[in-house]
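Residues per chain, in single letters:
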Amino acid sequence: MVASAMGHVLNPPVSTSQIWQWLAEVSDPEIPVISVTDLGIIRAVEWQEGECVITITPTYSGCPAMDVIAEEIGKTLQAHGIKPPSIVYQLSPAWSTDWMTEAGKQKLSGYGIAPPQQQVVDISSIQRYREVQPAIACPQCGSVDTQLVSQFGSTACKALYKCKACLEPFDYFKPH
Amino acid sequence: MSEDKFNYVLRLADHAMILSERLSQWCGKGPALEEDMALTNVALDLIGQARLWYAYAAELEGKGRTEDDLAFLRDAHDFHNFLLLEQPNGNYADTLMRQFLFDTWHYHYLQALKQSTDQQIAAIAEKSLKEVTYHLRRSSDLVVRLGDGTDLSQQMMQTALEELWRFTGEMFMDDEIDTAMHAAGIAPLPSDLKAAWDAHLADVMHAATLRLPDANSWMQKGGKQGVHTEHMGYLLAEMQFLQRAYPGAQW
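Top line first, the protein sequences correspond to chains A and B. Sequential numbering of the first sequence, starting at 556, is according to the numbering used here. Sequential numbering of the second sequence, starting at 49, is according to the numbering used here.
Where hints are given, some of them may not hold.
Unchecked claim - Derived Cβ-Cβ restraints for the label pairs, each shown as a range:
no.: 1; chain 1: A; residue 1: K638; chain 2: B; residue 2: Q167; range: 22 to 32 Å
no.: 2; chain 1: B; residue 1: R214; chain 2: A; residue 2: Q576; range: 39 to 49 Å
no.: 3; chain 1: A; residue 1: V588; chain 2: B; residue 2: W266; range: 31 to 41 Å
no.: 4; chain 1: B; residue 1: R292; chain 2: A; residue 2: V643; range: 49 to 59 Å
no.: 5; chain 1: A; residue 1: H635; chain 2: B; residue 2: T227; range: 49 to 59 Å
no.: 6; chain 1: B; residue 1: G233; chain 2: A; residue 2: G697; range: 30 to 40 Å
no.: 7; chain 1: A; residue 1: A599; chain 2: B; residue 2: D123; range: 52 to 62 Å
no.: 8; chain 1: B; residue 1: G233; chain 2: A; residue 2: S641; range: 47 to 57 Å
no.: 9; chain 1: A; residue 1: A720; chain 2: B; residue 2: P136; range: 39 to 49 Å
no.: 10; chain 1: B; residue 1: H279; chain 2: A; residue 2: V569; range: 32 to 42 Å
no.: 11; chain 1: B; residue 1: Q273; chain 2: A; residue 2: D622; range: 47 to 57 Å
Claimed, not checked - List of simulated lysine-lysine pairs, DSSO-like, C-alpha gap at most 30 Å:
no.: 12; chain 1: B; residue 1: K77; chain 2: B; residue 2: K111
no.: 13; chain 1: B; residue 1: K269; chain 2: B; residue 2: K178
no.: 14; chain 1: B; residue 1: K269; chain 2: A; residue 2: K729
no.: 15; chain 1: A; residue 1: K662; chain 2: A; residue 2: K630
no.: 16; chain 1: B; residue 1: K178; chain 2: A; residue 2: K660
no.: 17; chain 1: B; residue 1: K178; chain 2: A; residue 2: K662
no.: 18; chain 1: A; residue 1: K729; chain 2: A; residue 2: K719
no.: 19; chain 1: B; residue 1: K162; chain 2: B; residue 2: K178
no.: 20; chain 1: A; residue 1: K717; chain 2: A; residue 2: K729
no.: 21; chain 1: B; residue 1: K178; chain 2: B; residue 2: K242
no.: 22; chain 1: B; residue 1: K111; chain 2: B; residue 2: K162
no.: 23; chain 1: A; residue 1: K719; chain 2: B; residue 2: K111
no.: 24; chain 1: A; residue 1: K717; chain 2: A; residue 2: K660
no.: 25; chain 1: A; residue 1: K717; chain 2: A; residue 2: K630
no.: 26; chain 1: B; residue 1: K111; chain 2: B; residue 2: K242
no.: 27; chain 1: A; residue 1: K717; chain 2: A; residue 2: K662
no.: 28; chain 1: B; residue 1: K77; chain 2: B; residue 2: K178
no.: 29; chain 1: A; residue 1: K638; chain 2: A; residue 2: K719
no.: 30; chain 1: B; residue 1: K242; chain 2: A; residue 2: K717
no.: 31; chain 1: B; residue 1: K77; chain 2: B; residue 2: K162
no.: 32; chain 1: A; residue 1: K729; chain 2: B; residue 2: K111
no.: 33; chain 1: A; residue 1: K729; chain 2: A; residue 2: K662
no.: 34; chain 1: A; residue 1: K729; chain 2: B; residue 2: K178
no.: 35; chain 1: A; residue 1: K717; chain 2: B; residue 2: K77
None of these hints come from the bench; they were simulated from the model. Every residue gets a Cβ at the ideal spot worked out from N, C-alpha and C, and that includes glycine.
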């Protein structure tokens, strides 16, 4: 712990909006094409008594990327001359893919991962019957003639689909 | 009161931890690649939830124990999970039916727990519920597919349901800790959730062409109080081996 007076000396007055811009350089370790700000997991950036406090909300409870993300944020700020921030984990309100930025969704698509549809899954519902699901467009060829192959994919946040038009398999970032 | 709350949160942690451990035992052995990934992903969600509950339990206890101490350095009689969750994986019908019976309870329980007057409990419940909703959709769907499947898959699902049925009663039995938590506005009364559980079960079993066993048949109990089936010791022996053999090992 560094005394707050010390903190003021160590930390040049950098605006929180500048810190937000730097955070946009921190990639998701498992999907490096999007940043932590694109993902919508950064809930707040504040200065508290000379210390930078960053509030993060986890995507999935067991997501192993969260520890790496906290570490990367610390390194990035350090590279800009700010001492590592203290990270606060906030569970509520629970993270939703609706918090992902439009730019982030476009980057996902360009990377070959179909971005999450908004509000597709009404989580208050436990109906097992398949509701009318919106068509998931293939990120390779754009066809909506696609099919769910596996409800779980390469990471906790993805499902596996295949395109019946171009026959390519692809990941779908699940709405959450 | 604070000791009751500690023990109460430990139960939630132990449910998630023990089922996660069982599901992890399928890793690399699933009947299809998609199923292998699904079970391990569900296990990952549950271990994440277990960590949140253990970390909060450790904080409530305030004796310097960590989440790892609680998971790896307690013996069977100090675990408070439902007997259902420690049952062996059996065949895939057994694993799937165990999952469905628990997911249905878990979903309704977390829905009610979101209203807890304890903010941390409410927040963990809210977070977990999103994941558990996905688990329940998947297990409900598969129970229908395999129940209303081939003669063999239907018979295996029916047998699994009958074998596991005696472990379901415990999920709705209120004990003194449940009553104290309910009185304090911290948690729902388990018996109050039975109707919603019954309704979802009846709906799914009907679509799955499976027969529900007698609701008044004799039920096993004791998991929440630390009295376990013989399977628990073997499960812990494997789960805790590293920390028991090499105390404090880290990587």
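Taking the numbered hints from earlier one at a time, note which ones the structure violates and give those numbers from smallest to largest.
2, 3, 4, 6, 7, 8, 10, 11, 12, 14, 23, 25, 26, 29, 30, 31 and 32
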